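All chains should be modelled from the sequences, with the hints used to inform the complete structure.
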Amino acid sequence: MDTLFFKAALAAYFAATAGYLVSLVARRVVMARIATWILGLAVALHTVHFLEMCAERGLNVAVNLFEAVSFFAWIVSSAYLVFQLRTRTRVLGAIVAPFAVMLMMLASLGAEGTLAIPDALQGRLVPVHVTLSIIGEGLFALASLAGVMYCIQDRQIRRRRMGGLARYLPSLGDLDSINHAGLLWGFPLLTLGLIAGSVWAKTAWGGSQWVTDPKTLWSFAVWCFYAFLLHQRLAIGWKGRRIAVLSIAALVVLISAFIGVNFLSGVHRFT
Amino acid sequence: MNVILVGMNHKTAPLEIRERLTLSCGEGLHPLEELLRVEAVQEALYLSTCNRVEVVARAGDVEEAVARVKAFILRHGNLDAAELEKCLYVHCGSDAVRHLFRVASSLDSMVMGEPQILGQMKDAYRDCVEQKASGIILNKLLHHAFRTAKRVRTETAIAGNAVSVSYAAVEMAKKILGSLEGRTVLLVGAGEMSELAARHLLKNGAGRIIVANRTYARAAQVAGEIQGTPVGFEQLEEKLQEADIVISSTGAAGYVITPPMVRTALRRRKNRLLFLIDIAVPRDVDPDTGRIENVFLFNIDDLQGVVDENVRNRHREAEKAEGIIGEEVLRFAEWYNTLEVVPTIVSLREKAESILRAELERSGSWLRGLGEEDRKNVEILAAQIINKILHDPVTGLKEESRSNGAMPYVAAIRKLFRLEGGEP
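So the sequences go chain by chain: A and B. Quick note on the working numbering: the first sequence kicks off at 1 and runs consecutively. Quick note on the working numbering: the second sequence kicks off at 1 and runs consecutively.
Since the hints were made in silico from the structure, they are not lab data. Note that the structure is a prediction, hence the values are computed from the model and not measured. Beta carbons: idealized from backbone N, C-alpha and C, even for Gly. All clues stand as given, with none of them false.
Sample of chain A residues at the chain B side, in silico, Cβ under 7 Å:
1) 160
2) 162
3) 163
4) 171
5) 172
6) 173
7) 174
8) 237
9) 239
10) 240
11) 241
Right under this line is the structure:
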């Protein structure tokens, strides 16, 4: 597998992060705008990388953990780019871009890793399950990152620190609507992904052992957590800080489910 | 540099004097015509706003021009000389350029960073062009001033944030709610400041205004002025749930908006963010209300704090702007100085060309013996030799002129080449 575009994308993610950090220090939205274009370039390069991959082996874009992490970074970044078109949240990139860089660095550890899919995970529904789940989780992660910035901005405004950072960070309303969109779109996708996985496990493995698999349980916990958030948000009308704080907690659970628990499960894992 | 600037502004002259000057110039007088009649004034620009009167001119004789422009202001302001001296400032050369650039960039304005002055200066320049009062220097100078103002505006945040309380309210509303498109504003009680803030909010996209007052008639009156919906005070609780921004300014002694009221409203509006602005003294909104999640309460002091912070920020940005202006003044001076060597360069070329023409004429007899083509080639060759020889001294002169050190060279060239007059 040629990793040229992957490396180029990694470099561009780095450049975007640097741009956002400079804009934070200099407090200039113009810099953030430039950084957003660089992030767009990073996503474009990353997309080419995935297209190459698809040309080689079909829609199997996340065979091992490292590829899954790279795909995760791609989803978070591209979803952010789409959402920021509708809201004035360019500076949110200052959290999204470093997050993507961390994921990409993790992914680069295994950029030329194993491509063998274990026999136990051969099946048409497996890539569907993996892809949909990662997209859903990526959108959740974005909702949570918006929550992080919401908490910072809320604190600035409540403490009447209107001079520096608050002047520059996006508005609470816009951050909240990114959180809303992330939850709203992430939830059905993750649900479909989990259903695909369950159907496949039921038919391929039979029995009920897969139900008590640690990764299945963690994933279900993530799903429940976000289902709770979305329910509170839509039905009860939780908004703003409360949802933001809970979203951050949900992100911690999500990351542990995604990466940490991967090593606890015997079969149900990325190699 | 023969540019002079004579003027007065809100810092140097009291309103009554500025007023007199502006009035007398408004009455069908043509200040530019009058200024251009002065022999020492070759180009002139007359800028008059409520905060300043400035005359910019290219002078033949600087001292003479300054005196005549002063006299002009004296006459129109009906001032006595002592009064005038106190109010006027006179800048010459680079200082005049710097002052003009500072004015254009709104560094010299009463509210630093306000954008009107640039438009006023453009109007003044338009008059100046229409009356053919501007020439090469003022044209360049004004365009340079406009460009500098644009640079300051884009490269610094000098015009960045609100510096009035009612605008600060709009700014905070945007920071909290995001877009104001379609938001509902509730005015509780009415006062000048809250009406002004409501107008600003409307201009920034707010969709609907509700006016609540203790007396319905007064509510209806205010609502009529700002196209709002009037309601009585008894509907306050109900309307609180529709509003995204509440501006309260009643004369009530106690709290008009209390935490239980807001909690109920918030529950009904599914916790959508609510921005409460309390500009009443004594306060209308119980301060505890601000502790409720998703409710943001700003009182008059908080808003003033925002304004103060913004003013401080503008002053910080002004330092950056001064740097930019310094650069641009230098750049203009460079251009101006190259202008000083232009006549010498022109006469140098003219002299060389006249020599060429004379020599070709003298050699006419044997040149005619050549074919048409060869004759042309000889002419081209001679012209090229002249260009090559002149190229270095001309570039050298231009380079020296940028650092304002060209005069000795100009003198030397004029003397050595015996250019007319021998002296620059």
